[in-house]
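For reference, the chains in residue letters:
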Amino acid sequence: MVSDSVRPLAREAQVMPIVSDHDVVLVRRAARELAEEIGIGLVARTKLVTACSELARNVLEHAGGGRASLAVVSPDGARRHGVEVVFADDGPGIGDVERAFERGYSTKRGLGLGLGGSRRLVDDFALSTEPGEGTTILIRTWA
Amino acid sequence: MRDDEASSRTAILAIGNTLIATLQGSIDDRAALALKDDLSRRVVATAASGVLIELSAIDIVDSFIGRVIADIAAVSKLLGARVVVAGMRPAVAITLVELGLELPEVETAVNTEQGLALLGR
Ligand SMILES: Nc1ncnc2c1ncn2[C@@H]1O[C@H](COP(=O)(O)OP(=O)(O)OP(=O)(O)O)[C@@H](O)[C@H]1O
Ligand SMILES: [Mg+2]
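Respectively, the protein sequence lines represent chains A and B.
Each residue of the first sequence is one higher than the one before, counting from 1 in our numbering.
Each residue of the second sequence is one higher than the one before, counting from 1 in our numbering.
These are calculated hints, taken from the structure and not from any lab test.
Where is the CB? At the ideal position from N, CA and C, for every residue including glycine.
A hint or two may mislead.
[Claimed, not checked] Covered stretches of chain A, as calculated for chain B (at least 3 residues, CB under 8 Å):
1. 41–55
2. 77–88
3. 100–112
4. 117–131
[What the hints assert, rightly or not] Listing some non-contacts, in silico: residues in chain B with all C-beta distances to chain A over 10 Å:
5. Asp-29
6. Asp-37
7. Ala-45
8. Val-61
9. Gly-66
10. Ala-91
11. Val-92
12. Leu-99
13. Glu-107
14. Val-110
15. Arg-121
Could you build all of it, start to finish, from the sequences and the hints given here?
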């Protein structure tokens, strides 16, 4: 099992189902709205929304569905704000996490860009997965 | 109709033997795949020599849309048409490169005008 610290800062989050390609659009839009709300700049915002699109689609394609929890967070005592999104599913889990991050590695004839790419697109990235149990991925971008 | 379908529909316009496809707003996967099919059909039906894909209204391109664009370019080429992608926003271009999707096989132009010029119009 791989579990870097998937420790959400959010106490409360907006939970959105991911069961169709349309839900991917809705998650994208919700992330963009939160990012705009706290003044994340255009480039960082575009990267965050793109990462959300990749990870939401992975939930759909590789785990048959799941959910995204979105929130604006600020670490204790700090004035800065960030958008935190947690993608969770009860799918098959990721067998070989290291390879899954490699460019070109895909079990579904994809380009194998999504996972490794989205890690580069955000400030914080943590993943926890267990074969047969599912996968949880947390991302954050700070304003 | 779902609230979002109208905004994700893509218009294909023909000017002479050039097709212009304008991607709008938050396009979903199905709309992107439909565009690929529609465009291939239109390329054949109109014997188009060029296809311009206008992206200035698109605020993100992820690996899925990126692949659709690459596929459109490859199919159009096989059908004898040249494809130019025009109007990609700078933030989108930066993100695509960081994602690892540079689309080297796709010709690009900074805006519609230049794209059409590239296609000889
Ligand atoms: N939520 C998930 N559950 C199970 N497996 C996953 C999940 N997310 C990713 N994977 C595994 O990791 C691999 C790599 O993911 P990545 O997003 O990089 O590529 P891809 O989805 O296959 O293709 P692309 O994203 O480029 O279209 C996937 O092929 C899949 O095997
Ligand atoms: Mg993927």
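Verification of the hints:
Under a criterion of three residues with beta carbons nearer than 8 Å to beta carbons of chain B, the stated coverage of the stretch 41–55 of chain A is upheld, 9 such residues being counted. Only when three residues or more bring their CB closer than 8 Å to a CB of chain B does the claim for the stretch 77–88 of chain A stand; here the count is 0, and the claim is violated. Using a Cβ-Cβ cut-off of 8 Å, 3 residues of the stretch 100–112 of chain A lie near chain B, which meets the minimum of three, so the contact claim holds. Using a Cβ-Cβ cut-off of 8 Å, 4 residues of the stretch 117–131 of chain A lie near chain B, which meets the minimum of three, so the contact claim holds.
Not every beta carbon of chain A lies more than 10 Å from that of B/Asp-29, the smallest distance being close to 4 Å; the non-interface claim is violated. For B/Asp-37, the shortest C-beta to C-beta distance to chain A comes to about 16 Å, beyond the 10 Å cut-off, and the non-interface label holds. Residue placement check: B/Ala-45 keeps its beta carbon more than 10 Å from all beta carbons of chain A (closest about 27 Å). Residue placement check: B/Val-61 does not keep its beta carbon more than 10 Å from all beta carbons of chain A (closest about 8 Å).
The claim that B/Gly-66 lies off the interface is violated: its Cβ sits roughly 8 Å from the closest Cβ of chain A, which falls inside the 10 Å cut-off. Distance to chain A contradicts B/Ala-91 as a non-interface residue, since its nearest Cβ pair spans about 4 Å, not more than 10 Å. Non-interface call for B/Val-92 relative to chain A: violated, since the shortest CB-CB distance, roughly 6 Å, does not exceed 10 Å. A beta-carbon of chain A comes within 10 Å of the beta-carbon of B/Leu-99; the shortest separation is about 4 Å.
For B/Glu-107, the requirement that its beta carbon stay farther than 10 Å from each beta carbon of chain A is met, with the minimum near 20 Å. Distance check on B/Val-110: its Cβ is at least 18 Å (rounded) from any Cβ of chain A, clearing the 10 Å threshold; non-interface status holds. Taking the minimum C-beta to C-beta distance to chain A, about 30 Å, the non-interface status of B/Arg-121 holds against the 10 Å cut.
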